[in-house]
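Asker: Take a look at the letters that make up each chain.
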Amino acid sequence: NAGVTQTPKFRVLKTGQSMTLLCAQDMNHEYMYWYRQDPGMGLRLIHYSVGEGTTAKGEVPDGYNVSRLKKQNFLLGLESAAPSQTSVYFCASNLRDRVTGELFFGEGSRLTVL
Amino acid sequence: AQSVTQLDSHVSVSEGTPVLLRCNYSSSYSPSLFWYVQHPNKGLQLLLKYTSAATLVKGINGFEAEFKKSETSFHLTKPSAHMSDAAEYFCVVSDRPGGGNKLTFGTGTQLKVEL
Chain E
-10 NAGVTQTPKF RVLKTGQSMT LLCAQDMNHE YMYWYRQDPG MGLRLIHYSV GEGTTAKGEV
50 PDGYNVSRLK KQNFLLGLES AAPSQTSVYF CASNLRDRVT GELFFGEGSR LTVL
Chain C
22 AQSVTQLDSH VSVSEGTPVL LRCNYSSSYS PSLFWYVQHP NKGLQLLLKY TSAATLVKGI
82 NGFEAEFKKS ETSFHLTKPS AHMSDAAEYF CVVSDRPGGG NKLTFGTGTQ LKVEL
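Residue numbers (the working numbering), protein chains in the order written: chain E, -10 to 103; chain C, 22 to 136.
Just so you know, these hints were derived from the structure itself, not from any lab.
Note that beta-carbon positions come from the ideal geometry of N, C-alpha and C, so glycine has one too.
Be aware that one or more of the hints could be misleading.
[What the hints assert, rightly or not] Listed below are the simulated DSSO-like cross-link pairs for lysine-lysine, each with C-alpha atoms no more than 30 Å apart in a straight line:
no. : chain 1 : residue 1 : chain 2 : residue 2
1   : C       : K79       : C       : K89
2   : C       : K63       : E       : K59
3   : E       : K46       : E       : K(-2)
4   : E       : K59       : C       : K123
5   : E       : K(-2)     : C       : K63
6   : E       : K3        : C       : K63
7   : E       : K60       : C       : K63
8   : E       : K60       : C       : K89
9   : C       : K133      : E       : K(-2)
10  : C       : K63       : E       : K46
11  : C       : K123      : C       : K89
12  : C       : K123      : E       : K46
13  : E       : K(-2)     : C       : K123
[Said to hold, decoys possible] Pairwise CB distance ranges (calculated):
no. : chain 1 : residue 1 : chain 2 : residue 2 : range
14  : C       : P61       : E       : L11       : 21 to 27 Å
15  : E       : K3        : C       : T76       : 47 to 53 Å
16  : C       : S73       : E       : N62       : 30 to 36 Å
17  : E       : R85       : C       : K63       : 22 to 28 Å
18  : E       : S69       : C       : A74       : 44 to 50 Å
19  : C       : T76       : E       : Q6        : 47 to 53 Å
20  : E       : K(-2)     : C       : E135      : 28 to 34 Å
21  : E       : L103      : C       : A74       : 45 to 51 Å
22  : E       : G29       : C       : S73       : 37 to 43 Å
23  : C       : K133      : E       : D15       : 30 to 36 Å
24  : C       : S105      : E       : E48       : 28 to 34 Å
25  : E       : L11       : C       : T38       : 39 to 45 Å
[Claimed, not checked] Stretch by stretch, here's where chain E covers chain C in the computed footprint (C-beta under 8 Å, at least three residues):
no. : segment
26  : 61 to 71
27  : 125 to 136
Let's have the full structure, built from the sequences with the hints guiding it.
Answerer: So this is what it looks like as structure tokens:
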């Protein structure tokens, strides 16, 4: 049972380039999230999805797009990367059951934009 | 609106001594509160959660936290620190029952454990 898997783990981009981060979960979770983590700022929600075919904006959505074509996958896209998007990106998922509220995290994707 | 404040960005303890990581929260409703741990180059892992049941919550690896509504606090404690506890700890609040999908993370407390 792999849990939440993120690819790639590391990437270096030049300003203006595009890329896609892939998140895959094998726990049949309905909810999936993309966060970014920056020093001294905790985790901030970029976008999230409450089910296949649905997405919604989080706290810091500008400059990012997402898609959830399959229940197990949640893609985060950067159309034109900027240095301010240098960060560590975490994908997370959880069940619709709101009693637990536990998020399951991937190991992160470290992105550097030059 | 909800918010969470972790009062210390860094805490250093000696192995075998108690650990206290402080967290205060603000919430418009009855909150759900969580502590997550992040070891270097890893994702976050749930330590424990409070969801309006017992106010003293026990988690993994000997950690526990007490929900104090009058003080709006949810401090994390452990009686005796171990070297493997060195990590970053995040306090998280949600004012939806069970957490839902609107979590607010604190800025983290880096715990250092010295011999």
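Asker: None of the hints should be skipped; say for each whether it holds.
Answerer: Hints versus structure:
| no. | hint | result |
| --- | --- | --- |
| 1 | C/K79 <-> C/K89 | holds (15 Å) |
| 2 | C/K63 <-> E/K59 | holds (25 Å) |
| 3 | E/K46 <-> E/K(-2) | holds (24 Å) |
| 4 | E/K59 <-> C/K123 | holds (22 Å) |
| 5 | E/K(-2) <-> C/K63 | holds (11 Å) |
| 6 | E/K3 <-> C/K63 | holds (25 Å) |
| 7 | E/K60 <-> C/K63 | holds (24 Å) |
| 8 | E/K60 <-> C/K89 | violated (38 Å) |
| 9 | C/K133 <-> E/K(-2) | holds (26 Å) |
| 10 | C/K63 <-> E/K46 | holds (25 Å) |
| 11 | C/K123 <-> C/K89 | holds (22 Å) |
| 12 | C/K123 <-> E/K46 | holds (11 Å) |
| 13 | E/K(-2) <-> C/K123 | holds (26 Å) |
| 14 | C/P61 <-> E/L11: 21 to 27 Å | holds (23 Å) |
| 15 | E/K3 <-> C/T76: 47 to 53 Å | holds (52 Å) |
| 16 | C/S73 <-> E/N62: 30 to 36 Å | holds (34 Å) |
| 17 | E/R85 <-> C/K63: 22 to 28 Å | holds (26 Å) |
| 18 | E/S69 <-> C/A74: 44 to 50 Å | holds (47 Å) |
| 19 | C/T76 <-> E/Q6: 47 to 53 Å | holds (50 Å) |
| 20 | E/K(-2) <-> C/E135: 28 to 34 Å | holds (30 Å) |
| 21 | E/L103 <-> C/A74: 45 to 51 Å | holds (49 Å) |
| 22 | E/G29 <-> C/S73: 37 to 43 Å | violated (31 Å) |
| 23 | C/K133 <-> E/D15: 30 to 36 Å | holds (35 Å) |
| 24 | C/S105 <-> E/E48: 28 to 34 Å | holds (32 Å) |
| 25 | E/L11 <-> C/T38: 39 to 45 Å | holds (43 Å) |
| 26 | 61 to 71 | holds (count 7) |
| 27 | 125 to 136 | holds (count 4) |
Consistency note: the structure conflicts with the earlier hints numbered 8 and 22.
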